[in-house]
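There are 4 protein chains.
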Amino acid sequence: MAQKVLIKGNEAIGEAAIMAGCRHFFGYPITPQNEVAEYISKRMPQVGGCFLQAESELAAINMVYGAAGAGARVMTSSSSPGISLMQEGISYIAASELPCLIVNVMRGGPGLGGIQPSQADYFQATKGGGHGDYRLVVLAPSTIQEMIDLIVEGFDIADQYRNPVMILADGMLGQMMEPVVLEPKKRIERQLPAKDWATTGCDGSRPRNVINSLFMIPEQLEQRNLVLIDKYKRIEQNEVQYQSIDIEGADAVLVAYGTMARIARTVAKKAKELGISVGILRPITLWPFPYDAVAAIGDIPNVKAVFSIEMSAGQMVEDVKLGISGKKPVYFYGRTGGMIPSPNEVLDYICDVLEVR
Amino acid sequence: MAQKVLIKGNEAIGEAAIMAGCRHFFGYPITPQNEVAEYISKRMPQVGGCFLQAESELAAINMVYGAAGAGARVMTSSSSPGISLMQEGISYIAASELPCLIVNVMRGGPGLGGIQPSQADYFQATKGGGHGDYRLVVLAPSTIQEMIDLIVEGFDIADQYRNPVMILADGMLGQMMEPVVLEPKKRIERQLPAKDWATTGCDGSRPRNVINSLFMIPEQLEQRNLVLIDKYKRIEQNEVQYQSIDIEGADAVLVAYGTMARIARTVAKKAKELGISVGILRPITLWPFPYDAVAAIGDIPNVKAVFSIEMSAGQMVEDVKLGISGKKPVYFYGRTGGMIPSPNEVLDYICDVLEVR
Amino acid sequence: MAQKVLIKGNEAIGEAAIMAGCRHFFGYPITPQNEVAEYISKRMPQVGGCFLQAESELAAINMVYGAAGAGARVMTSSSSPGISLMQEGISYIAASELPCLIVNVMRGGPGLGGIQPSQADYFQATKGGGHGDYRLVVLAPSTIQEMIDLIVEGFDIADQYRNPVMILADGMLGQMMEPVVLEPKKRIERQLPAKDWATTGCDGSRPRNVINSLFMIPEQLEQRNLVLIDKYKRIEQNEVQYQSIDIEGADAVLVAYGTMARIARTVAKKAKELGISVGILRPITLWPFPYDAVAAIGDIPNVKAVFSIEMSAGQMVEDVKLGISGKKPVYFYGRTGGMIPSPNEVLDYICDVLEVR
Amino acid sequence: MAQKVLIKGNEAIGEAAIMAGCRHFFGYPITPQNEVAEYISKRMPQVGGCFLQAESELAAINMVYGAAGAGARVMTSSSSPGISLMQEGISYIAASELPCLIVNVMRGGPGLGGIQPSQADYFQATKGGGHGDYRLVVLAPSTIQEMIDLIVEGFDIADQYRNPVMILADGMLGQMMEPVVLEPKKRIERQLPAKDWATTGCDGSRPRNVINSLFMIPEQLEQRNLVLIDKYKRIEQNEVQYQSIDIEGADAVLVAYGTMARIARTVAKKAKELGISVGILRPITLWPFPYDAVAAIGDIPNVKAVFSIEMSAGQMVEDVKLGISGKKPVYFYGRTGGMIPSPNEVLDYICDVLEVR
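Residue numbers (my numbering), protein chains in the order written: chain A, 36 to 392; chain B, 36 to 392; chain C, 36 to 392; chain D, 36 to 392.
Derived by calculation from the structure, the hints in this document are not laboratory data. Computed from a prediction, not measured in an experiment: that's the story for all the values here. Errors might be hidden in some of the hints.
Just so you know, same-sequence chains aren't split out, so a pair can sit in one copy or run between any two.
[Claimed, not checked] BS3-like mimics (lysine-lysine), calculated; alpha carbons at most 30 Å apart, straight line:
| hint | residue 1 | residue 2 |
| --- | --- | --- |
| 1 | Lys-43 | Lys-305 |
| 2 | Lys-43 | Lys-304 |
| 3 | Lys-305 | Lys-268 |
| 4 | Lys-43 | Lys-230 |
| 5 | Lys-304 | Lys-362 |
| 6 | Lys-362 | Lys-268 |
| 7 | Lys-339 | Lys-230 |
| 8 | Lys-77 | Lys-339 |
Chain A extracted, bound-state conformation (with noise of 0.2 Å):
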């Protein structure tokens, strides 16, 4: 079995891209990911890789577009100002329906913000920050194992549906040690297409192959959403992701993703010796968003109430108010500009939600 080793989560994202095969990196620093490009700047030429940091997000997550059009593996990484300096081109590789990675390490806004970690790009990453009808793939790790796990299955999935995954990580990750098996823990078998619409230069021997995202008449560009639309819906059944921890039997249950979600675990405990049973739902993709388990939640009797727990001013409450429908009162809970909630507070307020003690 693979030896444990310690890292830095932002390295481990950058070990992970490579060890998923990813040989192109486009990117431009900024903090609190820039350990990401440094390591991968090390390991790409080991590997016969290419390293490039652009001029610009913009110029990043256009040559991004430009290698996942020609089949490569290809990856990018920012934070939070610097991916909405990404939109256009995020969208644009949506509608283009090409495979990559975009990590996004987020950090305390809205604008330049600070360094410290946040959840504040939530909507943005889940309900299209770019223009048009378009979704990412969202996945959110919780420990540095996970997000190794998830940067190699997030290129899988890039590939087998065509469409852009976003790692939705945060300062704390990216800045924390754990020790970690280099490699997949689990990797599930997935049956990729053979990248047949890559432009990889044409001599004859087949039509050539465009990648293209303008349609002016209408009826060819509602074929193309229409096409999309089918995409989602089967990305919404196959590929939901989530950790259901002691929610049969709560009196009340936490929805938390990333580090919030190793918060809530702490909140459960302390709760527990309150005599109070926390029940947690960790959403694992955050789009497609488990809404069934959610919505599985408002029907168990002894449930009084859910909390979004969150670093933001409240985003993914309105995912969980989805889900539950009116079946059991929501509450939200959140810090912002990069104050991480502490278990006590999170706890307090519960208990008084609960009117405990």
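Could you slot chains B, C and D onto chain A? The hints should help.
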């Protein structure tokens, strides 16, 4: 009383901005909103204002940032892909609490898409396509006259709350002509605060004003966010606008905005002929969304179904569901890629759902 | 008679431009010319003009291109690296025969270099740093008063010939203060042609004006070049300016411009004390270069040597040699990188060459 | 012995670069040099190299800067306007003493100009279109075979002196086909210094390498300039190349490079038929210019006139005059804008000057 004139939507946008005292416009060409800039380029010199075609959408939104920071009434206009390019800038403007007007004449997407009308940027506009917890006030006119009114009011709202306001129009509204009175029909008197925060130059007679969104200390960044959150709450309480038509006693309620609300009225008329009573809820502010008005529909006994009809793959429908909160079934009907649903196809869908005919 | 005021060189540049009727300025910050933009940013609003800090030097020069095409008196200002970034745009403006004023407050190079004064952009200014056969009129003031005069005259020359004019100053002239009269000392009356070629908007009452530098048919492109060549010949005949000091009877002649011409006067004074008669030829127009005046030195019997003294590694010296055409020995003395030759070291060099002492 | 193949000039540029060990190419499309990039885009993957189409010429030259700093053999290629956009970057590379190859396939200018061949960027290439005192080694092939040789040698010269080298070709040379041997005919053995200054990553086993052109202390910046000046002197002493044909005994000497040197040979042949003896001096290095060889012409008794013939409005003629230094009359004949002088019109001009016929 003022004379009626026949005017194109995009030109009305320009004239209304001048009327509202806007004297700075920065933009970059994109169909189907080019007449906005073209019209303003002629009018600005006549009123001593500044029209500038920037070198890109990024340049344009950052010029808006600068002019807004200096206290000017300033505006930009673009269409879907161009608005995506502005997401970083918009987040900066919102974070810096600056007033400005951003017009999005939506076209079919995603990607380059096409130049026909669409409503597929709803999520981007209302949930925040940029990073961080921020909100735009989003106004959705459905006639040219209302466009004029909302632009004038939009500048006032922006100034009152020190927040960017977006006019969410579409290619249909931009290109169509209607007879209008070239003055706001109603102009709510607002007590606009003095712009004593503006960077108008400092001769030492007052402390230096600084426009900023960078806060390296998380406690300070959270503080800025708390100010924003509090402001957004006040906007949600005071600024919701919607139009309600024949909802009491309706069998079904259509929720629709902009061009789709025009279709909805024809649908309702045709439905009446079939003996079906169809009410309409037309959100005028998309954010803040009229959740309470939607929620109230949930309590009307004979309403059998609520329909969100959109020129998208289904975006506003999430807000409708959040408002209804499980009390009525919510359905969605939409077309994408520049296709506009016809009244008949919408009616057919309603009849299918209601099992009429 | 007008009052004398004490003013910094960079500010005098700004005030002179306003005085000359310049109402549009586009630029991007760079030391040591920032006071130019800073001063103009304050003055433009007072006179109803437009000051705009562009997003880059490229953006700035292309805004100059646009404003010049529309017939405005327009100006930009930068320092060495920034001027390099403008080379494509300058070639376009010259090719399109548009008048404008470009100020280069030279600093030490090459590369990022330093912020101290230099004259190392002489070749770039006079031979054409951009592509193709074009010429700038290059004016080199050596006092603040002359800077004011030449800026006012520069705008006139630009308009008369429809050609970009460059003011070639250096960090010393930009930063120093001198008492000046804030009006041009002499203003040559020029018959400025109407700007009937300007793209001021077309209502059908005249044929559409087009500003263009693209000619795909080589015969047409040659035609444009012949027009330029003819114009440059007229400028060479009519616009040469220089100052000649004590050349008749001199043992040696110094050719020097700008800051170096100030040093030259001290050198000449000190030389006189040593019994050496040193004349000075100070080119005021660097292009057209006063070749005839230099050639005439070749015919003065007792002149033993001609010296080109520069804050560069030797650039103008080529033009001096072209003028002298072998009739006298031509020597060069210079310092680089922001170092200014002292009068003593120049004198030492002269004495060495003349074998005096 | 190697086989002859028929190849287009632009493709020969690409193949020669690969042959020279160049493994990094960054560029941006512009006619008439697009086949350079197209060819290299196919070949680089075959040899494990990196081809990247940058987002602009600015991006391209700065990527060249980066790769050169890391010690790679790197190249870019463009045509006149694109080369203007690179002037800042070129000055930075020269200031940082980095080796690289820059190809300019000149087209008619100024401005957008046209896509036909030209030699009007001579000044830009040889005098320095960027700011500051720096020099490029400028090589001017006049056959495809020589292009191959000079590209291979150019990379060596660049490495030997740590200086950017420019290949100054024109659209004619880029587009024509000639039979060539795909290896350098002669390859001068050069002792290339180790690139121990390159930023190849630092593990602590040696002091950190820094690539820099910023020196805020003028004494230090002057020091860098003295190093450059000394290097340029060595290049002038050791690297001048030219071809001399039938100069001894000539009535007239044509100085011409590149495509014009091909015309010159036909002119000489036709002149001979008229009984006029015409010699040719063909500079192969435009910088360092063969001043001594030109000067020597001044001492040949029977030479009545020297002609600089160019596809420009007269640029190299200044260097010819500097070389001749008044000893013979120097004439200029040229065409611009993509027009190539015919042998007959050149001959006519020569006859007019010599008052033959």
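Quick rundown of the hints versus the structure:
1. Lys-43 / Lys-305: So Lys-43 and Lys-305 pass the 30 Å test inside one copy only (28 Å; across, 63 Å).
2. Lys-43 / Lys-304: Within one copy only: 26 Å inside, 63 Å across.
3. Lys-305 / Lys-268: neither (39 Å within a copy, 32 Å between copies)
4. Lys-43 / Lys-230: Answer is neither: 33 Å inside a copy and 33 Å across each miss the 30 Å cutoff.
5. Lys-304 / Lys-362: within (26 Å within a copy, 35 Å between copies)
6. Lys-362 / Lys-268: both (25 Å within a copy, 25 Å between copies)
7. Lys-339 / Lys-230: This pair counts as neither: shortest intra-copy Cα distance 50 Å, inter-copy 48 Å.
8. Lys-77 / Lys-339: Neither way: Lys-77 and Lys-339 sit 52 Å apart in one copy and 62 Å across, limit 30 Å.
The structure shown violates the earlier hints numbered 3, 4, 7, 8.
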